[in-house]
Amino acid sequence: MSPPVEIAGVLLRGVAIAVPWFAAFLVAVYRRQARAAGFLAALVAVAACALLLVAAPAGESLYQALMLLYSCLTLGATLVLPRRDCSPGTVAGILLMLGATLLAYSAENLLVLLAAWIVSTIPFLIPRWFQPRGWRPAAALLLSAAAFALATALIAAGGHALTIDDLRGKSPGGMAVFVLLITAVIFRKGILPAHAWVADAAEGGPAVPTALLLNGHFGALLAAKLIVPLFPVTPGNLVPVLSNLAMATALYVAIRALTENSPRRLLAFLALSQSAAILAGLESGTAEGVTGALVHWFVVTVSTVGLFAILRLLEVRFGENLTAGKHLGLAEHAPRLAVFFAVFGLALVGLPGTLSFCSEDLLIHGTLLSHRFVGLLLPIATAMNAVSVFRLFTRLFLGKRRTGFTAMADALPRERWVLAAGVLFVVLGGLFPNVFVAQRSAEVAAARVIPGVSPVSGSDRCRR
Amino acid sequence: MNLSQAILAFVVLAPGVVFGVLAFLWLLGWVPGERIVSRITGATFSACVLALAALLWKLGAGGENFAGSGSPAVVVKFGNWFAVHDYHFPLVLMVDRLSLPFLAMTVMLSGLIGQFSATYLHRERGFFRFFLLLHLFSFGSLLAFAAGSLDLLAAGWEIVGITSVLLIAFFQLRTAPVENGLRVFAVYRACDIGLLVGIFAMHHWAGTAAFDSGFPTLTGAEPVTICLLLLLAASGKAAQVPFSGWLPRAMEGPTPSSAIFYGAISIHAGAYLLLRVQPVLAQSALASSLVVLTGVVTAIHGAIAGRASADAKTSLAYASLTQVGVVFVEIGIGWTSIAVAHILGHATVRTMQFLRAPSMLHDDHQMRSAIGGEMPHTGPRLESMLPEGVQLWLYRWAFDRGHLDTILDRFVIHPLLEVSRVFAKLDHIGSLPARRGKVAILVPDPARQGGD
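Here the protein sequences come in this chain order: A and B.
Note that the first sequence covers residues 14 to 477 in the numbering used here.
Note that the second sequence covers residues 478 to 929 in the numbering used here.
The hints are simulated quantities; they were obtained by calculation from the structure and are not laboratory data.
Treat the hints loosely; a few may be bogus.
Within a straight-line C-alpha distance of at most 20 Å, the following computed EDC-like cross-link-like pairs (lysine to aspartate or glutamate) qualify [unchecked claim]:
1) Lys-535/B <-> Asp-573/B
2) Lys-413/A <-> Glu-601/B
3) Lys-554/B <-> Asp-573/B
4) Lys-554/B <-> Asp-628/B
5) Lys-183/A <-> Glu-121/A
6) Lys-339/A <-> Glu-656/B
7) Lys-413/A <-> Glu-656/B
8) Lys-413/A <-> Asp-423/A
9) Lys-413/A <-> Glu-345/A
Using C-beta positions, here's what the derived DEER-type ranges look like [said to hold, decoys possible]:
10) Pro-16/A <-> Asp-689/B: 31 to 41 Å
11) Thr-596/B <-> Pro-348/A: 17 to 27 Å
12) Ala-422/A <-> Ala-653/B: 27 to 37 Å
13) Arg-427/A <-> Met-829/B: 47 to 57 Å
14) Leu-527/B <-> Arg-427/A: 42 to 52 Å
15) Ile-135/A <-> Ile-513/B: 54 to 64 Å
The beta carbon of each residue, even a glycine, is placed where N, CA and C say it ideally should be.
Build out the structure end to end from the sequences listed, making use of the hints.
Structure (structure tokens):
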């Protein structure tokens with residue numbers, strides 16, 4: 014890459030990260046026009062990330078694409094937030110998370126990644142900001158940050174450079190660092206046995222910001238950016254442990270979701286189960302599995318943020334004690350929200366015609382190739398998740414019409430356009446997946462995203 | 478792309494495009510009238526029927542390929558839907574002697590159902606929704622029947638499943654159809670695991686899941702494993718024992734959708750899958766025997782359970798089940814041509830019976846008037862030859878539909894839900910108290926309102 018292009022890249026990254034933080038500061042101090050400020054800052058971040066993606070070399074665009082995706086989600090969130098929730102504190106918190114997440118995606122240094130990791134959690138640790146009720150979310154976030162910080166300290170103490178490129182393949186710090194990094198992933202991502210905090214956060218915290226926190230996928234980022242490249246040959250061959258735990262999590266929370274009646278907790282379980290498959294795919298070591306995991310990352314992110322946003326819109330309109338324990342018949346009052354919910358929900362679990370059909374197909378192939386029996390858990394978990402999604406849809410939207418009120422707004426235009434954009438993404442991605450899959454596949458083939466992965470496909474490997 | 482290929486692509490894609498356009502316009506706020514919707518539907522399926530007729534004429538005129546060898550007559554390759562190194566998902570449509578009758582059956586019956594429903598569902602809430610789903614279902618069926626690979630067949634298969642469930646829950650203001658839709662969806666998804674893993678196994682062992690190139694000879698336990706996985710999927714879709722319990726539940730949907738789904742197309746999709754993989758099935762005597770056994774048990778079950786059904790649609794559904802069981806037997810034995818002919822005849826007659834079911838009383842009155850008295854008895858029933866105790870036992874067995882749902886509930890669903898509840902208890906250690914919302918407009922809160 015030529016120096017001017019490199020400088021432009023650094024500048025664009027700086028703009029994408031600094032503008033949201035500056036806007037967050039302004040909103041927090043002046044406390045006016047929060048939605049407009051948030052929208053403009055997110056828009057600038059989207060533009061900068063789009064330029065970064067355009068300028069990225071072929072086969073090296075994963076993190077730029079993820080930055081663009083997260084910026085777009087935040088942009089959508091600033092529009093779709095109900096008026097009741099759109100306080101200066103909320104918008105400032107969302108913008109702070111946006112900057113931190115973009116910093117994490119673009120980090121090339123362990124200390125920078127650690128700083129972004131910590132900053133992204135700050136709003137969830139401060140009471141009366143985004144902190145959920147209960148102790149588990151804060152404990153999990155703190156423990157994950159502590160484990161990551163300790164791992165970084167051990168690497169530094171070992172005399173290694175802290176640049177990720179310099180650490181590739183060196184297994185810095187050996188077993189201790191590896192275990193600490195795995196611990197950080199387990200706590201941050203909500204992998205069994207540290208899964209319960211995710212549902213607590215969704216239940217007791219603000220819906221949209223929590224969805225954004227979960228869909229930063231910092232756990233998967235740590236696995237993709239550090240664990241797999243830094244530890245190609247793991248001490249004690251422990252990487253499959255993470256994969257097996259991820260598959261166990263996918264199945265455990267899928268079973269757990271079958272009897273859950275709180276819509277927020279149920280959605281959190283579904284998001285967790287589906288996103289655990291990302292880790293399993295990343296670790297599978299097959300081209301299909303890793304590519305499927307990367308594509309799934311995008312689908313899960315868009316679908317779950319969309320579902321949480323719709324749920325919040327329903328809560329604002331119809332009351333906050335919605336339940337999946339009985340039929341509420343909301344489709345009569347909000348048919349378009351019902352359709353958006355159905356599409357996002359089914360997109361999360363692999364409906365044909367959506368991008369997740371492709372990602373699930375690749376993930377199932379990849380995981381079955383690498384772990385014949387553990388891989389079977391993925392289609393089973395996905396089937397159960399599909400039943401839970403459909404149950405939630407039928408309970409919320411179908412059934413006897415309520416007569417307690419006469420009229421209630423369906424999706425407002427600003428909400429409709431944002432949700433329609435999300436639906437278009439998953440549907441167009443499903444109709445023309447190769448545009449998307451080919452890029453991720455090229456990144457895997459070039460072995461630049463995750464060097465631990467052989468560019469030889471899994472099918473090939475097995476036939477030999 | 479030559480004319481035959483263009484026709485095939487048009488026939489498969491037309492209902493899908495109509496669905497996409499109508500759904501998109503609705504999302505933008507347009508609500509079309511009944512007349513427009515029924516005319517669009519009529520025009521779409523008429524065009525598809527004419528196009529297929531032209532294709533058949535063209536193939537008959539110069540297609541030695543079609544009449545003679547087993548290779549497909551028309552193949553349309555759109556490239557790969559997606560590809561990762563040497564794993565491809567090919568977008569290939571094809572017509573051969575197996576798929577053409579199914580395609581013709583689908584477009585003709587869909588058009589017929591469209592015309593029937595325009596009157597039958599007149600002024601019904603959800604008229605537009607029904608037609609949207611009819612188009613989506615037709616697209617899914619055509620995609621499954623014209624698919625050139627198992628991968629693409631699975632895509633069409635899933636679309637058929639989800640439209641089927643949404644139509645069962647068509648009368649959304651009543652709880653029973655919605656709950657039954659959920660039950661059917663759960664059975665479909667559980668059985669579709671067999672399809673997904675079977676496709677993986679096919680890729681893994683055979684190196685391909687495409688139909689046009691034929692399947693290679695497999696060795697050892699490979700063919701039986703693949704066939705058993707696909708039999709699981711086929712049994713779920715075709716309501717074979719032990720999954721037959723969902724069929725009477727599916728009768729909650731409107732009669733036209735029951736006719737096309739459970740009298741004609743969806744119920745036969747499982748048989749089509751087995752016909753499609755017949756070359757693999759023929760490699761395993763064990764798998765073929767299991768297909769025969771499944772068919773025999775289902776046919777007997779359907780014949781007995783149908784006799785204790787209290788309503789016309791459920792009786793017809795069990796009659797369908799019996800015939801599909803016989804079709805499975807034919808496939809297991811290897812009589813594929815007879816199976817195809819059986820499916821076409823059965824689908825046509827059963828659709829007619831389903832569509833006449835709402836007029837059954839009227840028909841009966843007319844016949845009585847015509848003959849001037851009671852209808853003659855049709856002779857002694859076979860079960861009357863059994864001892865009385867066995868008759869009673871059989872009645873109870875038939876009345877509870879072979880106890881299949883009870884067994885499924887007791888040994889699969891309840892244990893799974895129990896495990897889920899145990900997990901919930903584990904998760905609740907140290908968790909939050911239940912959420913209390915600020916506003917309770919919609920759902921009365923018993924704690925605040927003094928109980929419900």
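Outcome of the hint check:
1. Lys-535/B <-> Asp-573/B: Given pair Lys-535/B, Asp-573/B holds - Cα atoms ~13 Å apart, limit 20 Å.
2. Lys-413/A <-> Glu-601/B: 16 Å, holds
3. Lys-554/B <-> Asp-573/B: 15 Å, holds
4. Lys-554/B <-> Asp-628/B: 14 Å, holds
5. Lys-183/A <-> Glu-121/A: 16 Å, holds
6. Lys-339/A <-> Glu-656/B: With a Cα-Cα distance of about 11 Å, the restraint between Lys-339/A and Glu-656/B holds, given a limit of 20 Å.
7. Lys-413/A <-> Glu-656/B: 12 Å, holds
8. Lys-413/A <-> Asp-423/A: 18 Å, holds
9. Lys-413/A <-> Glu-345/A: 9 Å, holds
10. Pro-16/A <-> Asp-689/B: 31 to 41 Å: 53 Å, violated
11. Thr-596/B <-> Pro-348/A: 17 to 27 Å: 25 Å, holds
12. Ala-422/A <-> Ala-653/B: 27 to 37 Å: 30 Å, holds
13. Arg-427/A <-> Met-829/B: 47 to 57 Å: 51 Å, holds
14. Leu-527/B <-> Arg-427/A: 42 to 52 Å: 45 Å, holds
15. Ile-135/A <-> Ile-513/B: 54 to 64 Å: 55 Å, holds
The structure fails to meet hint 10 from the earlier list, while all remaining hints are met.
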